[in-house]
Amino acid sequence: MSGAEKIAVTVTDVVPLNDLVTRFEFKRADNGLLPTFSGGAHTVVEMRDGDITRLNPYSLMSDPMDQSRYCISVRRDDEGRGGSVFMHTRVKVGDEMVISYPVNLFSLDLRAKKHLFLAGGIGITPFLAQTKQLERFNGNWELHYACRTESLGSYVDELTSHHPNETHIYYDDKKQMIDLVNLLEGQPLGTHVYVCGPKGMIDWVRKTATNEGWPREAVHYEEFLAPQPGKPFEVKLAVSNKVIQVGEHESLLEAIERAGVDAPYLCRGGACGQCETNVIDYAGNFIHRDHWLDDDEHAGGQKIMPCVSRFEGKTLVLDR
Amino acid sequence: MSKFTFPESIRSRPIYGTLEARVGPAHLLVADAHGAEAILDVATPQMMEKAHIIYIPKGEDYEDKLRALKPASFYSGPSYPAAEPRLRKALADAKMGLQVYLAGTEGLMGQAQNAAMAAGIPHTAIQTEHRGSIARRMQCVHCKGITEEVETDPFVCSHCGLNLFVRDHYSRRLAAYQGVRVDAEDPGNVPTPKGIYE
Amino acid sequence: MTIQFNDETFRDDYSFYNSERAIKRFPFPFHEDSYMYSVNMEQHRGGPKDSVYEKRFDVDEHYVSEMRDRAMVLADDPLRCQSLPHMTLAGWDLLELIMVSKSEDYPDLFELHRDGNKWRWINKPLGIDDSFVFLDEATLPYGPMEYITRQAQGDFCVLDQRDDNLWMDAGMVTTQADWSLDFDIGMNFFEWHAPVPLAHEKGIFVRALKFLLNIQQGAPARRLNWTMTVNPLLDTSPENYHKWGIQKTTLTPENIGAKQHLRVELQTFFRLPRSNALVFPIRCYLCSFQDLMTVPKWGRRLHRVVRDLPDELATYKGFIDNRPMMLDYLKNFDDGLPTSAGIWPDLETEPALET
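Chains as they are written, first to last, in this note's numbering: chain A, 119 to 438; chain B, 7 to 204; chain C, 5 to 359.
If you're looking for bench data, these hints aren't it; they were derived computationally from the structure.
Source: prediction; values computed, not measured.
Where a beta carbon is used, it is the ideal one built from N, C-alpha and C, also for glycine.
Check each hint, because a few of them may be wrong.
Unchecked claim - In silico contact screen, one side only, chain A against chain C (beta carbon under 10 angstroms); selected entries:
#1 Gly150
#2 Pro153
#3 Gly158
#4 Met183
#5 Met215
#6 Val216
#7 Tyr219
#8 Pro220
#9 Asn222
#10 Ser225
#11 Leu226
#12 Arg229
#13 Gln251
#14 Arg254
#15 Cys390
#16 Gly391
Unchecked claim - Footprint (simulated), chain A over chain B, 3 or more residues, beta carbon under 8 angstroms:
#17 101-113
#18 143-156
#19 169-183
Take the sequences, apply the hints, and build the full model.
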């Protein structure tokens, strides 16, 4: 079996927060306790939509100490492959769903003398759990949260009322910007910075931190990569001796699974490395989108991460 | 003998590089004896404007040359323990982005690296360059005492007196290599000491 | 209670012994007639009834005496149990994992009663009945890791996960195969394994690390490792090597069957949920050569493995000098017949020794 262990849950609350974001609450279907987790962990939610099964990762945002329920927040992406739209339009209170055990690819470095959180938009969710974890143990933290507008500022009120001294909010439409260079230059030795948000924000923070002399190990980031739609393509699976078609709105990994071939995975977002697959033969171009393989591997044509990467061309043969 | 090429060894043994000037709001340079040469090689006027040099001469004559670099702060002291309070104060006051450069003997670099790590700098971000003596700082695994400046293998623990052989297994936390009794299975049969790399 | 606990020692007069039941369930580590390193990991989700794989944390007849030996080691040298400051949460994780597992797996021996953060822990074999507040160190006599590992057989390494590596940042280590927690604490996966020969070159540790980094909550793993020990000495530490090393020279053809022990480590790996750390329990099982020889398959196989082991490994495992004497003994239990695959004794199906 692939992926993390599964948990059967019931949807116990669906709360639209604003035009884009809705919060979902899950409790265990058997009324038992959910596993505890560490701040920054995600769960993979299975969405059964007719013949299609989508598995999307979402950060757990509830209190890691609270074993009675899990909460996630889902931002609707009308351009995406339909997972978030399915959550927004089809999932109702009382529905039975399957989610994975928590997996953490964005954990706190508990040695840090201070934790500096930088969030963009829906990237706020892992920090909601991490700040709750740190509050329990008197951790030293500070949050800088950039939102598009006041009305799209999910959880701003909660954060500013509970943590007025630690929370700093920036609204794009008011031309407010995080003064990153000054912020980084002022941090005491032993500070770790964590960034979660759009790719541009992550790149900006990593580049600025490097220019300011920050060690690589003190800069943590999580980019939620959803698989992007793309042109359909054909793949030969050499081990299972099957030829499969990857549709416009499904990932290569999903197409492999749809063909009944068990393939390893964990994050389904290009970060964990579990689904790394050897390429046996190809004629065409890879569209690599993962954070796992390095540049040489991306150029080498010998490996692909089927959870987020695609292919355009005549022939692709995988060792699967 | 200022530069020495250490033989290849196991994964826990430190590997030293060549100091390079890096970007950062401040620079902390710690060296002993011939380590001063590595500082002289890496120093730039721009770096020195925001630099703090801590130097332990151990009888070598580099102090004037280092002072001539005009670092923002300069200290010359008789030993690492004497310099340590100043080093810890510099680290406690420092902000993220501080660049740390260590040069000289393994014992000096190991201990200063330890202080910088305790302040929150990952060890991989601390630059080191070996110069001068190849003596080692050894911990006796039995009595836990540290023997400084060990040049032979085996050697006598300066605390408990056991004859210890010199391992390449190294602890950053202790800033020391491991010494283990050489004649445990044949008491009294102690090989003739020779140089560690002979 | 279902288990009869031995009253025995692992030092001085070495009164340690294995019952017939303990010999049969001994985790013999060789699944074939030769040995080389491999990433021999498998899921840790139970196993054959009464085997050491059955429960999450195996409790056996040596439990009470092993815990007494651990207390003596710690009284002599408190540095055998250390936890770097950021590992306290992982210590609570470990306490929770062991208390929950043992109370569920051995309800007649251990009880855990939880009312929110108010916990009561009853350990009948050791006569402990403690109430404390979960996550409040002030309510326990030791730190959480030390408290629970004074009540759990085997060593425990608690590994922090960061920068795509595992870091030995906490542990309780008193039954170790000649390595020092006090020296190795703070090292990463490659560094603390640095002294192991051959395996680095074979890429074993790169693959093992990749596997371990991906161990997830609810999906523990396990493997076996082994070495040799003269006398049933649990504490073969570098710290005390100057005292026990000499015992290796006391083997004679007459006493080797009783004195020479195969030392097997059941290593398990659990993701710790609250800290995202990994715990690596290393449970040590000892069995004398003469007890092992009561299982014909193991007699045949052990002779072949020891005979064909590369010199580097025999040196690293510390028995190169004694190997000829071991082989003189073991060859009497190898009649050249083939052996069945796998580690199990297969007493019903494997033929008796041909004499």
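Status of each hint after checking the structure:
About 13 angstroms separates the beta-carbon of A/Gly150 from the nearest beta-carbon of chain C, more than 10 angstroms, and the hint is not met. Among the interface hints, the one on A/Pro153 holds; its C-beta lies about 6 angstroms from the nearest C-beta in chain C, closer than the 10 angstroms criterion. Interface restraint check: A/Gly158 against chain C, minimum CB-CB distance 8 angstroms, threshold 10 angstroms, status holds. Interface restraint check: A/Met183 against chain C, minimum CB-CB distance 8 angstroms, threshold 10 angstroms, status holds.
A hinted interface residue such as A/Met215 counts as satisfied when its beta carbon comes closer than 10 angstroms to some beta carbon of chain C; here the least separation is about 18 angstroms, so the hint is violated. Here the hint on A/Val216 is broken, as its CB sits about 14 angstroms from the closest CB of chain C, past 10 angstroms. Taking 10 angstroms as the C-beta cut-off, the interface hint given for A/Tyr219 holds, the closest approach to chain C being about 5 angstroms. For A/Pro220, the shortest C-beta to C-beta distance to chain C is roughly 6 angstroms, which falls under 10 angstroms, so the interface hint holds.
Interface restraint check: A/Asn222 against chain C, minimum CB-CB distance 5 angstroms, threshold 10 angstroms, status holds. With its C-beta approaching chain C no nearer than about 4 angstroms, A/Ser225 sits inside the 10 angstroms limit, and its interface hint holds. Against a cut-off of 10 angstroms between C-beta atoms, the interface hint on A/Leu226 holds, since the closest Cβ of chain C lies about 8 angstroms away. Annotation: A/Arg229 was flagged as interfacial toward chain C, and the flag holds, the nearest CB pair being 5 angstroms apart, inside 10 angstroms.
Annotation: interface hint on A/Gln251 holds; nearest CB of chain C at approximately 8 angstroms, less than 10 angstroms. A least Cβ separation of about 8 angstroms between A/Arg254 and chain C falls short of the 10 angstroms threshold, and the interface hint therefore holds. Contact between A/Cys390 and chain C, as hinted, is supported at the beta carbon level, the nearest pair being about 7 angstroms apart and thus within 10 angstroms. Of the supplied interface hints, the one on A/Gly391 holds, with its beta-carbon coming within about 8 angstroms of a beta-carbon of chain C, less than 10 angstroms.
Counting residues of the region 101-113 of chain B whose C-beta lies closer than 8 angstroms to any C-beta of chain A gives 5; at least three are required, and the coverage claim holds. By the rule of at least three residues with a Cβ nearer than 8 angstroms to a Cβ of chain A, the coverage given for the region 143-156 of chain B is violated, with 0 such residues. Only when three residues or more bring their CB closer than 8 angstroms to a CB of chain A does the claim for the region 169-183 of chain B stand; here the count is 0, and the claim is violated.
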